[in-house]
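A.B. asks: Take these sequences, add in the hints, and give me the full structure.
Each chain is listed here by its residues.
There are 2 protein chains.
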Amino acid sequence: MSEKGKLLVISGPSGAGKSTVVFKAIEGRSDVCFSTSVTTRSPRPGEVDGREYFFIDFKRFHEMVENDELLEHAEYVTNCYGTPRAYVEQRLNEGMNVVLDIEVLGARQVRKKMPGAVLIFIAPPSLIELERRLRGRGTDTEEAILGRLTRARQEYQEANFYDYLIINDDVEKAAKQLGAIIEAEHCRFADWADWLRSN
Amino acid sequence: MSEKGKLLVISGPSGAGKSTVVFKAIEGRSDVCFSTSVTTRSPRPGEVDGREYFFIDFKRFHEMVENDELLEHAEYVTNCYGTPRAYVEQRLNEGMNVVLDIEVLGARQVRKKMPGAVLIFIAPPSLIELERRLRGRGTDTEEAILGRLTRARQEYQEANFYDYLIINDDVEKAAKQLGAIIEAEHCRFADWADWLRSN
Chain A
11 MSEKGKLLVI SGPSGAGKST VVFKAIEGRS DVCFSTSVTT RSPRPGEVDG REYFFIDFKR
71 FHEMVENDEL LEHAEYVTNC YGTPRAYVEQ RLNEGMNVVL DIEVLGARQV RKKMPGAVLI
131 FIAPPSLIEL ERRLRGRGTD TEEAILGRLT RARQEYQEAN FYDYLIINDD VEKAAKQLGA
191 IIEAEHCRFA DWADWLRSN
Chain B
11 MSEKGKLLVI SGPSGAGKST VVFKAIEGRS DVCFSTSVTT RSPRPGEVDG REYFFIDFKR
71 FHEMVENDEL LEHAEYVTNC YGTPRAYVEQ RLNEGMNVVL DIEVLGARQV RKKMPGAVLI
131 FIAPPSLIEL ERRLRGRGTD TEEAILGRLT RARQEYQEAN FYDYLIINDD VEKAAKQLGA
191 IIEAEHCRFA DWADWLRSN
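These protein sequence lines are chains A and B, in that order. If you read the first sequence in the working numbering, its first letter stands for residue 11, the second for the next number, and so on. If you read the second sequence in the working numbering, its first letter stands for residue 11, the second for the next number, and so on.
It should be emphasised that the hints constitute simulated quantities derived from the structure, not laboratory data. Take these hints with a grain of salt, some might be off.
Because identical chains share one entry, a pair is satisfied inside a single copy or across any pair of copies.
Within a straight-line C-alpha distance of at most 25 Å, the following computed SDA-like cross-link-like pairs (lysine to any residue) qualify [unchecked claim]:
1. LYS69 / GLY15
2. LYS183 / THR151
3. LYS69 / GLY38
4. LYS14 / SER29
5. LYS122 / ARG207
6. LYS34 / GLU193
7. LYS14 / GLY148
8. LYS122 / ASP201
9. LYS123 / ILE138
10. LYS186 / ASN77
11. LYS122 / ILE138
12. LYS14 / GLY189
13. LYS122 / LEU206
14. LYS183 / ASP201
15. LYS183 / GLY38
16. LYS122 / ASP173
17. LYS69 / GLU165
18. LYS186 / ASP111
19. LYS183 / LEU206
20. LYS122 / ARG54
21. LYS34 / GLN167
22. LYS183 / SER208
C.D. replies: Printed below as a string of structure tokens:
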């Protein structure tokens, strides 16, 4: 009896602490990995094809979109990004839980293409706290901070199709909740119904 | 912000180790309790009304059925049993997670009346192992053992509406999975959608 991995889609506003929570939750676990995206942008010094990204040209990117080879994709002014379906499915079949850190729009595409995906939204304890964290980072202009807050409010309205919400008021607690979600999802009755009936 | 408890419906064949798993999982937790059933049978020496059971007469039982005051009920040849809705809802509103240890037929009734209930089936690693455990207990006749095995096979076919399956091949692991399910279910997006939107 082999067990497939779960596709874990993680979203949430910039400043919610998504990466910190995910890294804390998967610390010391060998059954969780991040997905590797395709991108049309050029590799930066030190970036390795197939590690940070799969670097591809626009022609190949659009071919992948046409052939439904991407679980989700986003096209920006200068570059395109996407999640390669074959890569993700291979890791899942190997039993790996695969993490996708993507925006709400991309998550909506994944939900349609992979009904078994688990959608998790990580939110800060409040928008006031989010603003405090964004200012504390000191990396954004005033305009960028206000833009991120508007974006967060918008995502809160759009995120109603997610399965889980983790409120990151304490990283340890949030990481524990993420770990519990992964464990619980591996007990989904539907995944074991055939096993049970043939038992 | 107060958080309601979850109604946890636990089923599984006799000999699967349900009680052991549940007791191990809730050890030291003050946020999980068992429900108290109503019954028409007489109290045994030492049993206290409202502790082991709420002891009621047939007239009151049938009134409760008529008035939809029971989340599920079963009528046997000599006695009737049921889960009182008001009692369960009161505990849930207090923030307690309430455990119901009931059969598959009862669970189907609960699913209809409490859509938010979490249905968990606990199974032994195999029917061969179940038979071994039942014989090991030495409490059942040969006929009873065969009856229990037939009943288990039947429940496996009927249980397809459960949310989770825990395979009890190791009590520690099974208890950990039950704990994870409780934790994960408290992160259900739907339960927090209003909070998020008003945040």
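A.B. asks: Which hints, by number, does the structure contradict?
C.D. replies: Hints 1, 2, 3, 7, 9, 10, 11, 17, 20, 21 not satisfied by this model.
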